[in-house]
Each structure stands twice: as C-alpha cells, then as structure tokens.
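J.: Protein chains in written order, with my numbering: chain B, 426 to 1010; chain F, 138 to 386; chain E, 178 to 296; chain R, 948 to 1033; chain Z, -7 to 142.
Derived from the structure by calculation, the hints contain no laboratory data.
You may find that some hints are simply not true.
To list a few chain Z residues with every Cβ distance to chain E over 10 angstroms, as calculated [as the list claims (entries may be wrong)]:
1. LEU(-2)
2. GLY5
3. ALA100
4. PRO107
5. VAL116
If you only want the chain B side, here are some residues facing chain F, beta carbon under 8 angstroms, derived [claimed, not checked]:
6. LEU443
7. ALA445
8. GLY487
9. TRP489
10. PRO491
11. VAL497
12. GLY498
13. LEU543
14. LEU569
15. ASP635
16. LEU945
17. LEU948
18. THR997
For each residue, glycine too, the CB sits at the ideal point set by N, CA and C.
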Amino acid sequence: MHHLLPLLVAVPLLGAALPAAAGRRLPRAAVEITGFVVSGGTGALALLLLLNSTPPMTEWVGGWLPVGGQSVGIVVLGDGPALGMATLASLLTLAALAYSWRYFDAPPHGHTGAFTALMLLFQGAMCGFALAGDLFNAFVFFELMSVVAYALTGYRIDEARAVQGALTFGVVNSLGAYAMLMGIALLYARTGELGMSAIGRGLDAHGGPDALVLASFVLVMTGLLVKAATVPFHFWLPDAHAVAPTPVCMLLSGVMVELGVYGAWRVYGTVFAGPGGIPAADLTRALVTLGILTAAVGAVMCWYQRHIKRLLAYSTIAHTGLFLVGLGVLTPEGDDGIALYVVGHAAVKAALFACAGVLLDRFGSVDEHALHGRARSLRATGVMFAIGALGLAGLPPFGTGLGKSVAEEAAGGPLTVGYVLVSAITAGAVLRVTARVFLGLGPRPEDAEYETSGSGEEPETGGLLRRVPDTMTTVPAVLLAAALAVGVAPGFGDLVARSVNEAGSGGAHASAHWTAPGVLLGLAATALAVILAALAVTRPTWLAAPSWAAPLRRLQSGHVGDYVAWLLVGTTLLGALALPGVLGG
Amino acid sequence: MNRLRLWLLAVGGTGLAALLVAACLDLPRFGGRSHPYGDRAVHASLRRHIANTIASVNFDQRAYDTLGEMSILFAAVLGCVVLLRQTRDEHRAPPEPAEVARPVRRYALLVLPVALVTGLYVIAHGQLSPGGGFQGGVVAATALHLLYLGADYGALERVRPLGVYETTDALAVSSYVVLGLAGLLAGTAFLANTLLPYGTFNTLSSGGTVPLLNAAVGMEVAGAATVLLAHFLDQAVEIEDATEEEPGK
Amino acid sequence: MSHAMDVLPYLVAAYVFLTGCYGLATSRHLIHAVGCLAVCQSATYILLLAVGYRAGGTAPVFSDIEPGSRPVVDPVVQALTLTDIVVGATVTALLLALVLQIAKRHGTVDPDELRELRG
Amino acid sequence: MADAVIVVTLLLTAACATAAVTQRDPARQALVLSVLGVVLAALFTVLQAPDVGLSQLAVGSALTPLLIMLSVRKTRRRGRSKEDRE
Amino acid sequence: MNGWILAATLALGGGGAAVLWGVTTGPPARRILAQNLATSAVCPALLLLSQGYGRPSYVDLALLLALLGPVGTLVFARLLSDDLAGERPSAWGLTWTAAGLGLAAVVAACAAAGPGRAMVKLLVIGVLLIAGNVIASRALAGGFRRVGGG
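Model the full assembly from the supplied sequences, consistent with the hints where possible.
T.: This is the structure we're talking about:
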C-alpha cells in the first residue's frame, strides 16, 4: 500500500502534462473532463490511503530503504495528518474545478487546458508538500505550490489589481522560501541529513540548542509562517486572495494557508521537538504570541473591510491565528481540535468564497456598499452566505464548532475568550454583509478614505451572468453540507483525533467530541456575531472605525518594500520570542 | 523614502544579521570532514556505476526532488503562457527586419551549430562528466536564439514552431513520470532505478534509468527555456497595446 | 587568517542575503526588485556549497579520476543547489511576466506609485 | 593556496552582489547581474562544484539577464511611446 | 604551491576588480565593454583552475563561458542599442590584452595537456573565446554600421 503514496503527486502531474502534450486540438470539454477524472481519482486514492493509514506508512522513493538507519533517498510520509491534508486538498481542488466548469470566458489561444493543468499541478504540489518527510523535498513542493499559485493569482491579466497582488504574493513568498532554504542549509551543516526525523535525531545527538538551532528554527519557520500568513508576515494575503479568480481563492484560503500551519506543526514536531531543538516553552511563547497577534489583527481588519473577498481573506488570517494558538499550546487535544477546525474551516471558507464569486459574476462588483440591497433576488446564495457565516462563528453542530470547542478546552483560560471573540467578529462581519447585500437592511454606509473598494471588478465569466449556473450554487451547498457532516458524523472527531495523535503528540491519546461548555461557547460566539452584525447594520456609527484602527489599516500599504521590511522584522520577532530557552539551555 | 519602512528595515535587518552571524559562528568550520550523507551518496553512486555522483543524486537517489523541479519549470512555462498571453486590447506588429553587421551575422551563424552540439554533448555526458540535462538544455535553447542575434526575429520565428516546443516540454515531463511509474509497476517503488542493467562504469549507457531521466530533463529544459524566451521576446518585440506606436519612431 | 577562513564563506552568504533584502525593500523599480530577489537567492547557493566543501577535496565526478584516489566534496548539496538554480530562474521568469503586466495595466513600475490595494 | 583563490572569489561575489543591489537602473543592474553570474560560476568551480557552475553560467550569465533585458525593453518602449504622445 | 591556481587567482582578482569597477561606473557602452571583459578574464581563469586542480573535466565550464559570454554581450548591445547611439568607446588595448591573456592560458593548458582530444577541445575554446571577444568589442566600438534594430 505504501508504494502508492508518490502517486498522489505523480497522477496530477501526469494529468496536467498529458493534455498539454496532446495540446492544442483537444476540445475544452475533454480537457475539463480529464481534470475532473484526474483530480477526483487522486482524491479517491488519497482517501483510500487515509483509511489505511493505521499504523502510519512511510515510503522511500526509488526503493532506497535505509541501511543501518540511514538512507540516501527521500522519505514520504503516509500518516493521518499528511494524508488528511492531501485528501482535503484533492477534494477541494475537485470542488473548485466543478465550480469553474465552463467558467472563464477566454482561455489563452491554443491553451484551452492551461487553467485546468495549473489547478492539477497545484493539487499535486499540495499533496507533495503534505506528504513530504524530507525537508528539502518539502521546500521543492513548497516552491511548486507557490509558483503555481502566483500564476493562478495573476490569471486575469486584464485586471490591474490581480497582477499587482500576484507580484506582491510572489516576491514575499519567494523571499520566505529562500529564508527557509537558508535554514535547511544550516540544519544540513549541523547534522549532515535532510530527512526530518534524521535531522531531529542529529540535533539531539549534538546536545542542547545553540544559536545555530535558533537561527535555523527561525528561518525555516519564517518560510512556513509566510505561507500561513502570520502577523507580521501576513500582508501579502489580502492583496493576493482578494484578486485571485474565485476557484483559486477557494484553494488558497481553504488549504494552502493551512498547509503552512501544518508545515510548522510537522517541522516542529519532527525536527525541533527533541532535547537538541527548541524547548517547548519557547515554542509555546512564540506561536501563541504570534497567533494572538494574527487573530487580533485579522479580526479587526476583517471587520472594517467593504471589499467582500478581502473581508473573507482577513477572516482567513484571523482563523490562522486561532490555529497557531491551538497548536502552540502543544497538547494532544489542541492538535485534534485544530485538525478538525482546519477541515471545517476549509469547507466553510471555500463555500463563502464561492458565494462571493456568484456576486462578482452576477453584478461585476464585490463591494459591500455598492451592492447594498442589490442581491435580494439571489435567495439561495444569500442563505448559503448566512449559513457560512454561522459556520465561521462555530455554531454547533458545524465541524468548525467542534474543532473550536476542542481547541478552546485545550487552550483554556483567557485564550478561550480570544477564540470566542475572533470567531464572533469575523462571522459578524460576514453576517453584516449578508444583511446589507442580500437583504438590503439598514442605511447605505459611507465611504472611508484609506481602503480598497470592491467596485469596478471584471466578472470572470463572459459578461455578467443573467442567471447563476447550477454548478456555482451546488458547490457551496455541498461544501457547507460537508462542514456540517464533520461535526455531526458520529465518531469522525475521534477518528481524526486518533490519527493525529498517532502521528505526533508522543503517544498521548485524546478524544474529540462535543462537550457542554463547547456547545455553549459556540452558541455564545454565534449570538455575539448576530448582535454585532445587527448593531453594525442598524447603528452604523456605533461601530465605525475608531481612530486607533486607522494606523493599522495604513500599515497595509500595498507596497512590496514595506512587506519585505516587515518580513525581516518578523524574523527578528520570532528569534526574540524563542531566544530565552536557547540562552538558558 | 518612507521613514517607517527604513526603521523597520533597520530593526529587522539588524536582528536577522545578529541571528545569522551568531549561527555562522556555531557552524562546523568551513572545509570540515564530516559529510555523512555525502559519503553515503558517493558509495551509492559507485554501486550503480554512475561516474558523476551529482547526476546519481539528482536522477536516482533524489530523483523525486528532480520530479518536483521539472514540475516547477513546467508550471512556470504554463504560467508565462497564461500571464503573457495576448489580450483583446493588444495587437501584433511584426518588427522591421533588422540590419545586422556582417561579422556579427557570420559569428552568430557559425557559433549556432557549435552551441547546439555543445548543448547535446553536455546533456549526453550528464552521468559521466559535469553537466547534464538541465545545463545542456539551457545551452541548446540559448543556441537557437543566436538566430535572433544573427538575423532577426522573423528568422527565429520561422524555425521555432512554438507548438512543437510546448509539446516537447509536456511530453518530457510525462515521460519522466511514466519512467517513475514503470518502477512502481515493476513491483519495486516509484522512480526506482532497478529496471535496466547498470552497464559499464564511465560509459554513456551506464547507470540504468539515469541516462533516460537525464535525457527527459534535457528535452524538458530545452523546450521550456525556448518557450519562456519566446513569450518574452514576443512581448518585447511584437505585441503592442493601444497606447504603443510603431517602434523606431 | 585561518580562523577568519573558518566562517568567511558563511558570513558572505549572510551578507549577500541581507544585501538583497535591503535592495528589495528600498527598490524604486519592480524589475530591479526582481533582480534583488535573484541576489537573495544566490546567498542560498553560496551557503549550501560552502556547507558541503571539504578542504583539499575535489568534485565527486569520476570520469577523469579514480574513485577513492582523492577526497571528494559533498555531492548532495550540489544536487540541491542545482535544483535551487532552476527554481530561481523560473521564479524570476514568472515575476518578470507579472511585472510586464503591471507595467501595462498600471502604467508604472515604481512600487511607490502602485496605490490601489490598501487598507 | 587553495584558500586564497576561494577568498578572492568570495570577496568578488560579495562586491558584485552589493553592486547589483545599488545599481538602481534595471538595465545597468542586468549587466551587473550577468557579471555576478559569471563570478558565481567561478566561485562554484573553486568550491569544486563544476555541475553547479555550469548551470549558473547557463542561467545566470545568459538566461536571467536576457529575460530582464527583454522586460526592460518592453517597459521602456511603453514609457517612450507614452511620452511621445503627450 | 600550485602555479596554475596562483595564476588563476591573479586573473580572477585583477580581472574581477577591473570588471566590477567598469560595470558600475561610466556610460552604458563602457559598462557593456566591462561585461565583455568578465568573459575574457574569467574564462582563462577557469582553464587555469582546471589544470591546477588536475581535473580535465572542468574544462567544460570554460567552453560554455566562451560560447555564451560573447553571445550575452551581443544581446546586451542589441537590446541597449538606443543607449549606445553616439558612443564609441574604443578599448583596443584592453581587448587585445584580454585576448592575449586568453591565448596565453590556452597555449599553456595545451602544452600541459599534450596532443589528443583534450587539446582539440582547448583549441576550440581558444578560438571561440578570442573570436567572440574581438567581435563583441568591435560591435561595441561602433566598428560595424549598426547592431541595433528590431
């Protein structure tokens, strides 16, 4: 069975390359059907492997089995989290492809399959990154993922904002990747190994942590946290996610950002968790601090957006912060909760982006102010948008609610309040949009000075849609149903918990199921979200941007140089946060 | 210049610099003897009769990385095709034929075959001497563009049917994957180099599947580099939008 | 001298990386910024190869020397650097393609004048 | 002796990198980058990595500067034709 | 002590410093000339290094540089032709010095290698290097009517 693991990368690659080779003569339908079959087939394979991932599998590519515990080959991991992320990425790619069925008006001349091929490459890259058990191999797939994502983000080259967002995305992420590679080189110098667990053993054999371990930790984490859009590495995300084509946004916000978080979890757990790595207290300090900052900045910025896709992008940042906090406390329960949260969030966020895409193609705008009351006729979309908002708030029995309640219990104390507030604010912002755009409630809000409006966008289809195609409404509906199923399906939580704990957490087992406090907190967050949205719609002046929010918004300057400077500050911050234990050790 | 950015840069740069310098002082000294993975790789390469250990690492021991690398190149080509496509508000204006001084023309046309042969030589000797599919592929692709230098863009376009190069590129990626799958079907593992005999050390056919994978990479790179350059040349020389006028005014 | 030599290559790599970052942050032209990114990347090549160097060693390519006759440097970092160079070239190409489109759609390549995405 | 050549090429590389960053005009930067490519190839040779040196020569001294120059030409051509019309 | 490596160090150090100074200062034509000089300084150094390390296979690097270096310079000259208009820096002294350096390196390497396939390769490199160098220099110095155009 384990021999099949590399197929999760190979099949999508072949599926992207063969149509490109057969190329120019293939009709569009044939290319799109190939895309479905390949993407779905890979998803099915990932699912099959996932169901057989107890005990965890490993595969040495090229048959270079270790001799005396050492190998010259590359190891691919087939444990629960790795295959789970691969499955999630595959299924979401399938959803995005279904959503974009007959969608873009004009594929490049002679390259009908380019979009499908890029999506398949993206899928292969995400699977490869999720399965990577070798640090340099992880870097390669990380770069593949990035390169495809830049191209997909800038796909609509007619749009000034799209190409600008894609370039910012490209520069910041590439710099992060190079930082990561510097870190890998430092680790290789110390241990002479590239496999993650081999590096971990090498560090432990060398003794306590020193400056080199700290620097390599900071550099590798920089790369991963840039992808995970952690404050202060997050600036590229709203610029890129707000402008990418909708099906791409579904993938970027739904899986790619989460893969950064997953990578940080994996790398810490296998490389730096031993006695030669970064002490647990330091990691907790670093991740929880950055996580809280990220969640707070994301939530505040989310609330003050009028560009709907940008608003959703900031809510992704806010939730990434929550993921980091949950992983940062380093308990098995925290890991379980976040795993469930990520799955639920992916489905909900993708569904919300899909609904925003419907607005874009129907009205040529994703601006909350300009669309005020105009989408009353889109009842189904409106209902789904509202349900998505409730899912974001963590209303039981959504999967997000289950994950959040487990993570809240693991984090405990004041962090619980953070979880409730952040999910309530982001959900409240989405509910506010629902109320204004789909119901036309409240007065039309006034424009602020320093912001990105969502008007004047080009629809992604050939001209404005008169009626919304069935695929564009079915996909979000299915995704929302999936988010519900994650929370409702009996035993699913425990299944996830078991496979996560088998892969990490040092043998400790926890279970994940609904508890009374969790349900109550979920209900509280939802209630708070509804109240916030109601206040915002009926009394706009009460919740208008206070003066302290203005500098925060001004930081998001759209200038790539600023973002690079922030990236450097971020590495310093990360180093400072993790420093005490290294000095002590 | 923005004051805030300079401050951030100063703080972040100082912090990162301190971190990196501290790490450098903890690194094993330059030129040290301990390279466990490297030593294992050399032994593994010799066991498989591959003279160039780097080729062995690239196309055998860590062939999976090279698969990712090829995909990156393939993705970049697809990406550039998408990003540099001709939009509705642009048109093509064939450039005027350029006057090229005769010595330059002669030089370019003489060097062209030499460069092509060198490219092929570098690809073919990949598993023996320094070089390989990647290096040779770029040289071969560059060689083609000597036509632009020696004649003009029109001449280059005539010998450069882009579709063929794009197909080559995609076919090469596919064949790399298919070679990998063959290992899987033979019952060993993905990208396992166990299908073919390892041959005599230091000959062109040594190393099992390594020469095949190397050739696939060479084809891919040559195709990809040509297509990439073609799209940039198109943009720089031919494609114009409404705001542009004829060149040479 | 010999002590300086122990760390000099690593320090050069760190210096090149930071220089590239400085250029990237203060760039006034997007094509220049992409060039600076390429400089940042060359730091990774230097670091990787410096890590794999062995004093008195030669390349582990046995077409013109007998295996085992001379000490050899680490081949793995060289393979990694090769991959890295390809990655660098492709990223440069893609980013330049994006810069060209920015020049078309915004009419400028000065990052200070790109003021659409903010807040 | 072997160290002297490494030191010289390392310092040259650092100087070239600095020059590549401080040349603010992209066309001039492309020239420096191509020199940087050649110097890096020499550095890789003295670090006993001829394979890497070859690909750095192919990419760094030919492909990347060419791509940059083509981009510069395109952006300049736009700038010029715009000025002409104004 | 290895005379080959010492010579290569001197070529790299001296040539490199001169190239760097030339490529960062002065008018565009001078910069391109300096870029061309990079090829003619580093290529002989690579030949010398190949001898110094006792590795004939390193010669491929010099071959590639001798092939691609002048091509790169000519491409720059063509794409920057507008900036070059009116400038005619002639640097014949420099050009012939560089050519002499290349010739000396090739001859020395040939003498060390002795007759055979290796020598043919070295001669090809020498021809490519010197021809490319001279052509590129002449093109830049305005020796030809025009190198510009579409």
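J.: Going by Cβ atoms only, is B/VAL497 closer than 8 angstroms to chain F?
T.: holds (4 angstroms)
J.: Using the nearest Cβ pair, does B/PRO491 come within less than 8 angstroms of chain F?
T.: violated (10 angstroms)
J.: Using the nearest Cβ pair, does B/TRP489 come within less than 8 angstroms of chain F?
T.: Hint holds; B/TRP489 Cβ to chain F Cβ min 6 angstroms, cut 8 angstroms.
J.: Using the nearest Cβ pair, does B/LEU443 come within less than 8 angstroms of chain F?
T.: holds (5 angstroms)
J.: Please check whether B/LEU569 passes as an interface residue: C-beta within 8 angstroms of a C-beta belonging to chain F.
T.: With Cβ-Cβ at 5 angstroms, under 8 angstroms, it holds.
J.: Can we keep the B/ASP635 interface hint, with Cβ of chain F closer than 8 angstroms?
T.: holds (5 angstroms)
J.: Examine each Cβ of chain E, and state whether all of them lie more than 10 angstroms from the Cβ of Z/ALA100.
T.: Holds, since 19 angstroms exceeds 10 angstroms.
J.: Hint validation: B/LEU945 versus chain F, beta carbon distance must be below 8 angstroms. Holds or violated?
T.: B/LEU945 check fails; min Cβ-Cβ to chain F is 43 angstroms, beyond 8 angstroms.
J.: Against chain F, run the beta carbon of B/LEU948 and see if the smallest gap drops under 8 angstroms.
T.: violated (42 angstroms)
J.: B/ALA445 was flagged as interface toward chain F. Is the shortest Cβ-Cβ separation under 8 angstroms?
T.: OK, holds: B/ALA445 within 8 angstroms of chain F, min 4 angstroms.
J.: Against chain E, does Z/PRO107 hold up as non-interface, every C-beta pair farther apart than 10 angstroms?
T.: holds (17 angstroms)
J.: Against chain F, is B/GLY487 within 8 angstroms by beta-carbon distance?
T.: Hint holds; B/GLY487 Cβ to chain F Cβ min 5 angstroms, cut 8 angstroms.
Checked against the numbered hints above, the structure breaks hints 10, 16, 17 and satisfies the rest.
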